[in-house]
Amino acid sequence: MTETAPDLLYSEAEEDLRAAVRSLLADRTDTPSALARAESDTPYDPRLWQALGAEMELAGLLVPEKLGGQGAGHREAAVVLEEIGRSVAPVPYLTSSVVATETLLGLDTTNAEVASLLGELASGRKTAALAVPFSYGPDSLRLRGGLDGIVRTVADAATADVLLVPTGQGLYAVEADQVTVTALTPLDLTRPLADVALDGARGTLLADADTGRAAVRRGLLAGAGLLASEQLGVAEWCLTETVAYTRDRKQFNRPVGSFQALKHRMAQLWLEVVSARAAARNAADALATGSPQAPLAVAVAQAYCSRVAVHAAEECVQLHGGIGMTWEHPAHLYLKRAKSAQGALGSAGEHRASVAEIVGLPGPA
Amino acid sequence: MSEQQPGADELLARTRELLAAHPPATTEAVDFLKARFDAGLAWVHYPVGLGGLGAPRSFQPVVDAELAAAGAPDNDPRRIGIGLGMAAPTVLKYGTDEQKRRFLRPLWVGEEVWCQLFSEPGAGSDLAALGTRAVRDGDHWVVTGQKVWTSSAHLARWAILIARTDPDLPKHQGITYFICDMTDPGVEVRPLRQITGEAEFNEVFLTDVRIPDAHRLGEVGDGWRVAQTTLMNERVSIGGMRLPREGGMIGPVARTWRERPELRTHDLHQRLLTLWVEAEVARLTGERLRQQLVAGQPGPEGSGMKLAFARLNQEISGLEVELLGQEGLLYSDWTMRRPELVDFTGRDAGYRYLRSKGNSIEGGTSEVLLNIVAERVLGLPAEPRNDKDVAWKDLAR
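Chains A and B are the protein sequences, given in the same order. For the first sequence, the positions run 1 to 365 when the working numbering is used. For the second sequence, the positions run 366 to 762 when the working numbering is used.
Do not take every clue at face value.
[As the list claims (entries may be wrong)] So these bits of chain A aren't anywhere near chain B, every CB distance computed over 12 Å:
1. P133
2. S135
3. A201
4. R217
5. E328
[Said to hold, decoys possible] Derived pair list, reagent style DSBU-like, types lysine-lysine, alpha-carbon separation capped at 35 Å:
6. K722/B / K339/A
7. K399/B / K753/B
8. K126/A / K336/A
9. K458/B / K399/B
10. K753/B / K250/A
11. K722/B / K458/B
[Stated by the list, open to error] Footprint (simulated), chain A over chain B, 3 or more residues, beta carbon under 8 Å:
12. 571 to 584
13. 622 to 628
14. 639 to 646
15. 650 to 659
16. 669 to 677
Quick caveat, the hints were computed from the structure, so don't treat them as lab data. C-beta: ideal position from N, C-alpha, C; glycine also.
With the rest of the complex left out, here is chain A:
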């Protein structure tokens, strides 16, 4: 068994993409408006999504050109997600452009309904959400009987034009006006969650149950793998801000960042961020190349990066002292994003269980 080494670096094109996304997000996001939006009826930012998804043509990175996309791949999408994490931007990139899009790519793309929906998602004109709880990992799916009942805590469902609903009868595309979407109060103020009531909904059958199940697994695997890059972005922002703050902030007649008790914690965090980058790039590269190692790479990245993002955000709050505890300082947006993402797309424990199965380290009988 020969393994080619994964490419863990960023290409020049990927760095250019990063610079463009970062510059757009720096222009269009700021803490006061993020906070105002979080407590409004539209917790997402449709104009930012228009700019990012449609005008910059990032919504279609994973979609082949013949289906109306950019024909790029997971490595590029991962770079976009790093920047979204760094700015906690309230856009449905992970849910629509990665999870829902990847799920559709797992279906028969010569099917006109599938191809047309992919084209609309790729153009950024529409968004879709996979109607499963945001906590579901690649192996969590339990199929409901049909288009009935309530799906709890679906991420970005309130903004979605279309819901992809896996059932025992097959995978359906359901227009938003066919369901009742009830917005919830999420821990993460920048990623809206909603319950979706399906009773009486009519949808278009896109695939049979087995094909649908495999496609959903593919969508959730890509989502979990690329969420690691978003978590990397969150962690990086937290470390950078904390270093900058403790370099400036003076107590006892010296910068607090000169105390070893603090600087060792930041150095430790730096090491975790550096490691998270390797894990996240490995997952993105494995997904991009369709490597048979992808399930392991994703499980490793998610089991590792989710904790790093939480640790970085917690250290960010603590090392900022009192200001880190205030509503006006953005640290809490990152803490909430990190803590919520820890339970998204499979917990670290579930991903470790996948690792155990893949590499043959079973638990006690």
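The hints should help you fit chain B onto chain A, whose structure is shown.
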């Protein structure tokens, strides 16, 4: 720099010429290694005439793979790690032409083993406080003092040594770097037994050791700067080993886990998986670092790798002792030995547990490395210091 660098094709051609002229099957190992050095294929990034061809370092694997496939002998790099990893880059950077010609070839071939005389009982993390004195006597220096944690001292022909040449200057300024002849009658090597029961290190007592001024490396008083080259290379060589999956400390415990289902518990399973993931991520981080170096984008990540492996080795080997239950209560053998090679993953779980305690101390403690990361990578301000402008002789000790 402006000279044309040889490409991979040319290196491959030269390697094949070497193999044709000196068939490994019928050539003495040491003669083959000398021929390889003289062909510039020892370390291709070194200059022509000193075992290299001024080629990019990233081409070395091309040569190594071709030689390995032909069954050529290697220079047993683990046995001469200090020479290759620390002495050689320092001699290359600061040595005179005469020193480079004299020392590098027997060093690389493995005819002359090197050791490092840096740490002292009173100068560990604060290495610059070292007190071994070197006093000028005509065209010689007379050196007296005590060094410690010296691996290979009992095998070594030469040592890299730093000693104080001017106690009236602040500590970083009065140090000079020498090459010390370990066969000098004033050099006494005593084994230093450690918590594993073995003595892989030594104490070295220097009494009126005479070192010719021609064996000084760099300027008088410039030893601290010269030593930085040695120390940076030490950290790279400690943290920069390439590993396959499960190639490090996690390997033995994963094997035991698979072979001994009766030892498994839920608690140990969760901890094992967490460490397995961390070990895999550390391996990937090292791989990413190497890819950056090959791509000519060296990053500061190197200083972090040693920190990561030290902690992981300790936690994993600790878990392994627990996993073994009753057997974990036993130890293979406390007999005092002087091993020629150090194998962190060798022997039994108890040995691995005890030996790995050194991983966060040797080559810079984890606490010092965290300071280095914080100050040099993150740009955090240094702690206020009260020793920078004080003459060495007036420091508290």
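Against the structure, the hints come out as follows:
no.: 1; hint: P133; verdict: holds, 24 Å
no.: 2; hint: S135; verdict: holds, 19 Å
no.: 3; hint: A201; verdict: holds, 40 Å
no.: 4; hint: R217; verdict: holds, 21 Å
no.: 5; hint: E328; verdict: holds, 25 Å
no.: 6; hint: K722/B / K339/A; verdict: holds, 34 Å
no.: 7; hint: K399/B / K753/B; verdict: violated, 46 Å
no.: 8; hint: K126/A / K336/A; verdict: holds, 27 Å
no.: 9; hint: K458/B / K399/B; verdict: holds, 22 Å
no.: 10; hint: K753/B / K250/A; verdict: holds, 23 Å
no.: 11; hint: K722/B / K458/B; verdict: holds, 33 Å
no.: 12; hint: 571 to 584; verdict: violated (count 0)
no.: 13; hint: 622 to 628; verdict: holds (count 3)
no.: 14; hint: 639 to 646; verdict: holds (count 6)
no.: 15; hint: 650 to 659; verdict: holds (count 5)
no.: 16; hint: 669 to 677; verdict: holds (count 3)
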